Amino acid sequence: MNPTRTAPPARDPAWLGRLSWCAAALVVLWPLMHATEFRPWILFEARNLEVTGDFLASFFPPAHSAEFLAMAARETWRTVAIATAGLTLALAIAAPLTLLATSVLSVSALPGRMARGPFLLRQMVRWLLIVLRSVPELVWALVFVRVVGLGPTAGVLAIALTYGGMLGKVYAEILESGEPHATQTLLRNGSSRLQAFFFGLLPQNAAELTSYTVYRWECAIRSSVVLGFVGAGGLGQQMDNSMKMFNGGEVLTMLAIFVALVALADRVSAGLRRALG
Amino acid sequence: MPAPSEPSVRRRDGAAAHAPYRLPPRLFDARCRACWYSVAVIALVVASFASLDLQWAQFFSLEAARSMGRFVGEFFPPDLQPAFVQRVIAATWETLAMSALGTALAAVGGLALALPASRLHEDDPAPGRVSTRLLLNALRSVPELVWAALLLIAAGLGPFAGTLALAFHTAGVLGRLFAEAIENAPPGPGAALRGQGVGRLRVFLYATLPQVLPQLMSYTLYRWENNIRAAAVLGVVGAGGLGQMLAFHMGLFHMGKTATIIGAMLALVALVDGMSLAARRRLTR
Chain A
1 MNPTRTAPPA RDPAWLGRLS WCAAALVVLW PLMHATEFRP WILFEARNLE
51 VTGDFLASFF PPAHSAEFLA MAARETWRTV AIATAGLTLA LAIAAPLTLL
101 ATSVLSVSAL PGRMARGPFL LRQMVRWLLI VLRSVPELVW ALVFVRVVGL
151 GPTAGVLAIA LTYGGMLGKV YAEILESGEP HATQTLLRNG SSRLQAFFFG
201 LLPQNAAELT SYTVYRWECA IRSSVVLGFV GAGGLGQQMD NSMKMFNGGE
251 VLTMLAIFVA LVALADRVSA GLRRALG
Chain B
1001 MPAPSEPSVR RRDGAAAHAP YRLPPRLFDA RCRACWYSVA VIALVVASFA
1051 SLDLQWAQFF SLEAARSMGR FVGEFFPPDL QPAFVQRVIA ATWETLAMSA
1101 LGTALAAVGG LALALPASRL HEDDPAPGRV STRLLLNALR SVPELVWAAL
1151 LLIAAGLGPF AGTLALAFHT AGVLGRLFAE AIENAPPGPG AALRGQGVGR
1201 LRVFLYATLP QVLPQLMSYT LYRWENNIRA AAVLGVVGAG GLGQMLAFHM
1251 GLFHMGKTAT IIGAMLALVA LVDGMSLAAR RRLTR
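Line order of the protein sequences matches chains A and B.
Numbering of the first sequence is given in the numbering used here, commencing with residue 1 and proceeding in unit increments.
Numbering of the second sequence is given in the numbering used here, commencing with residue 1001 and proceeding in unit increments.
Think of the hints as simulated: they come from the structure by calculation, not from any bench.
Incorrect hints may appear among the rest.
As the list claims (entries may be wrong) - Distance condition first, Cα-Cα at most 25 Å in a straight line; then the derived SDA-like pairs of lysine to any residue: (1) A:K169 to B:R1280; (2) A:K169 to B:R1281; (3) A:K244 to B:I1153; (4) A:K244 to A:M124; (5) A:K169 to B:L1277; (6) A:K169 to B:A1154; (7) A:K169 to B:L1157; (8) A:K244 to B:L1157; (9) A:K244 to B:A1154; (10) A:K169 to B:T1284; (11) A:K244 to A:P40; (12) A:K169 to B:Y1222; (13) A:K244 to B:P1143; (14) A:K169 to B:L1268; (15) A:K169 to A:Q204; (16) A:K169 to A:R274; (17) A:K244 to B:L1277; (18) A:K169 to A:M124.
For clarity, every value in this text was computed on a predicted model and none was experimentally measured.
Whenever a hint applies, use it, and build me the whole structure from the sequences.
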């Protein structure tokens, strides 16, 4: 130990810098607070406090009548079913588009540059996937609720379109990131593109593709609850109804069911992915 | 004991004794776990389609196709009157502000919750660790939109509820990530300060925080990127931003205006994606 140890400084040696950074942050935050009407004190106004207090007090006891629980179980299954059916349709959208978009499967690219026609086609499919993916599923759901009416059909279609775009884009990326040697050898020796896909590309990447799909299924369960809030059926729609009627007990039970459902899907998906990898 | 595998069985002439003709594996084998998983997945898919009363007939009928076509046709032309475009730009700014402020609040709240949720050194008893982690999990597993619907009751309609909703959900996500980062920080500098008798707060401020700060910043920026996307649709339940405008005009069947708003959402998301891609390229180069 150093015998001439000096006592630690009583004050932070860098205080000036820290203080000016904090002041600068406040200056930047000010317009943001203005834009978001950030007025935390309205939370504590007497009237608001009373409404909030009443709502929170109505959380207990959570609703637990047999009739309500049966309804909640039915809606939970519907939520899972919407996610599963939506993802199945998404797979049906994504698979052909992926085959069209993957540049490893291009015959004309074998000697060097891809020909212009196939390049344009691939680029257009890619743009289509990006558009499908960038419109949030909630917006798709709002649109479909107008066309097919309230109910699970709108939710299934919304998940199918958004997740079709996501799956297609990521599938194409996975297929292109691998080692293209086996596939190109097959193509060079005269196999068809589908044969090269099934015997070269797919076996190499099957585990990764499946694992990503399972992960997306987990995400789809989460978003199918959210879609219920715009009228696409399932647990979310019931939760929305209960909130509008200020029925805190029902809200609490459904929130608990939802958290348990997400945790369960998380476990199942992690287990499946571990079994694959 | 190693099981005798085929390649190790060699004939006297040196050629491997692979059976020249082998039956393909059976389609279903009770001992293969992947087969059971596949059966379960197929059963789940079939049960899902069977139990939902999907109105395919209605959706694929000629009449529905015509109404769909009319509906899509109404989106064009998008409403580009200067007064309306100005309101869309204001709502876009509101969306951006909601996401930025929500993320900033979440970073502060996440850090405050991450401290009790992590073991700061090896013999730290960390009494609140389990309960704080439970709280973080609860915050995290309720989606932003559900938080927004709940908070509308306390905070009223408008962007304030949306900002708080983003902050609650993101605080759960960031708190967990921050706690992991703090627990994984190299213990040396902290131990050196503690050996000198420096208090807990100062050990954190001068040893732990400087080491993990870059990681915390990158987690926060990544969540901000996610939150911009979330903030665009949060308003559908009435929590401000582009989403609130979208729900309002779509409810009144103002399709031209709806098209403009959806265009603004797409542009915002594309801008954020492009910027984050460019930033990541610059950082990894």
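Hint check results:
no.: 1; hint: A:K169 to B:R1280; verdict: holds (19 Å)
no.: 2; hint: A:K169 to B:R1281; verdict: holds (19 Å)
no.: 3; hint: A:K244 to B:I1153; verdict: holds (9 Å)
no.: 4; hint: A:K244 to A:M124; verdict: violated (44 Å)
no.: 5; hint: A:K169 to B:L1277; verdict: holds (16 Å)
no.: 6; hint: A:K169 to B:A1154; verdict: violated (40 Å)
no.: 7; hint: A:K169 to B:L1157; verdict: violated (37 Å)
no.: 8; hint: A:K244 to B:L1157; verdict: holds (13 Å)
no.: 9; hint: A:K244 to B:A1154; verdict: holds (13 Å)
no.: 10; hint: A:K169 to B:T1284; verdict: holds (22 Å)
no.: 11; hint: A:K244 to A:P40; verdict: holds (23 Å)
no.: 12; hint: A:K169 to B:Y1222; verdict: holds (20 Å)
no.: 13; hint: A:K244 to B:P1143; verdict: holds (18 Å)
no.: 14; hint: A:K169 to B:L1268; verdict: holds (20 Å)
no.: 15; hint: A:K169 to A:Q204; verdict: holds (18 Å)
no.: 16; hint: A:K169 to A:R274; verdict: holds (23 Å)
no.: 17; hint: A:K244 to B:L1277; verdict: violated (41 Å)
no.: 18; hint: A:K169 to A:M124; verdict: holds (12 Å)
Violated hints, in rising order: 4, 6, 7, 17; the structure is consistent with all others.
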